Amino acid sequence: DVKVTQSSRYLVKRTGEKVFLECVQDMDHENMFWYRQDPGLGLRLIYFSYDVKMKEKGDIPEGYSVSREKKERFSLILESASTNQTSMYLCASSRDTGTNSPLHFGNGTRLTVT
Amino acid sequence: GNSVTQMEGPVTLSEEAFLTINCTYTATGYPSLFWYVQYPGEGLQLLLKATKADDKGSNKGFEATYRKETTSFHLEKGSVQVSDSAVYFCALSEPGTASKLTFGTGTRLQVTL
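Read top to bottom, the protein sequences are chains A and B.
Heads up: the first sequence begins at 430 in the numbering used here, then just goes up one per residue.
Heads up: the second sequence begins at -10 in the numbering used here, then just goes up one per residue.
Chain A on its own, in the form it takes in the complex (with noise of 0.2 Å):
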């Protein structure tokens, strides 16, 4: 079975703090992805990305960036994070674009931005 480990379950950080969020799959797929989940608007795509070294931007990029160095990690990195930052945030991979390869998603980090 496929394994999406996100690093932590709750994470509480101030204001203008640099915050990482880490996230690991065990399937050598090739596509991982970030969104953030908030009450009554869904999911919303952060950054994806479709290979090593590579990235693209989702539909709310804005006050976040990403870094996969290896294949199985992918890190969402918030600069100096914001009170509007405070969100659940979930990461997924998957194997290849295809229909017969859908979304495996973590189990979400509750970030707290004071």
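These are computed hints drawn from the structure, not numbers from a lab.
Values in this document were obtained by computation on a predicted structure and should not be read as measured data.
Virtual Cβ for every residue (Gly too), placed ideally from N, Cα, C.
A hint or two may mislead.
[To be verified] Quick look at which bits of chain B chain A covers, simulated, 3 or more residues with Cβ under 8 Å:
1. 22 to 35
2. 93 to 99
[Unchecked claim] Not close to chain B: a few residues of chain A, all C-beta gaps over 10 Å, as computed:
3. 473
4. 484
5. 501
6. 508
7. 516
8. 543
[Unchecked claim] Pair ranges (Cβ atoms, derived):
9. 7/B x 506/A: 44 to 50 Å
10. 481/A x 3/B: 47 to 53 Å
11. 50/B x 486/A: 36 to 42 Å
Please build the complex by placing chain B on the supplied structure of chain A, with the hints as guidance.
Coordinates of chain B only, in the frame set by chain A:
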């Protein structure tokens, strides 16, 4: 751009009741359509999918039919169980892919005895 609209929740049903969660979409071309489910404290997992018009996706007693004429992909189950209590997300992707999904806002289902 692409968008997905789901019915507002929460939906509260008694066990063995019939379930419908409405989902409509706006997209160019012929997107692939998905339902994902999120159980309490867990990440999302794929429930079912349909990749072309009139396809029916099914899994665990849930069904949804890709209706191009009404741009809809409503989720149904004939008899819900307490264990079906979760948040259900409708989503779409570009044709031929299951990645880079556009999600709806989610519908919380609560099933009681």
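Okay, the hints, checked on the actual structure:
1. 22 to 35: Since three or more residues must qualify, the claim that chain A covers the stretch 22 to 35 of chain B holds, with 8 doing so at under 8 Å.
2. 93 to 99: holds (count 3)
3. 473: The claim is violated: residue 473/A sits with its nearest Cβ about 8 Å from chain B, within 10 Å.
4. 484: holds, 13 Å
5. 501: Nearest chain B Cβ is 17 Å from residue 501/A, so the label holds.
6. 508: The assertion about residue 508/A holds, with a minimum of 24 Å to chain B.
7. 516: Given that every Cβ of chain B is farther than 10 Å from that of residue 516/A, nearest at about 14 Å, it holds.
8. 543: Given a closest Cβ separation of 23 Å, the condition holds.
9. 7/B x 506/A: 44 to 50 Å: holds, 46 Å
10. 481/A x 3/B: 47 to 53 Å: The hinted range 47 to 53 Å holds for residue 481/A and residue 3/B, with Cβ atoms some 50 Å apart.
11. 50/B x 486/A: 36 to 42 Å: holds, 39 Å
When the structure is compared with the earlier hints, a violation turns up for hint 3 alone.
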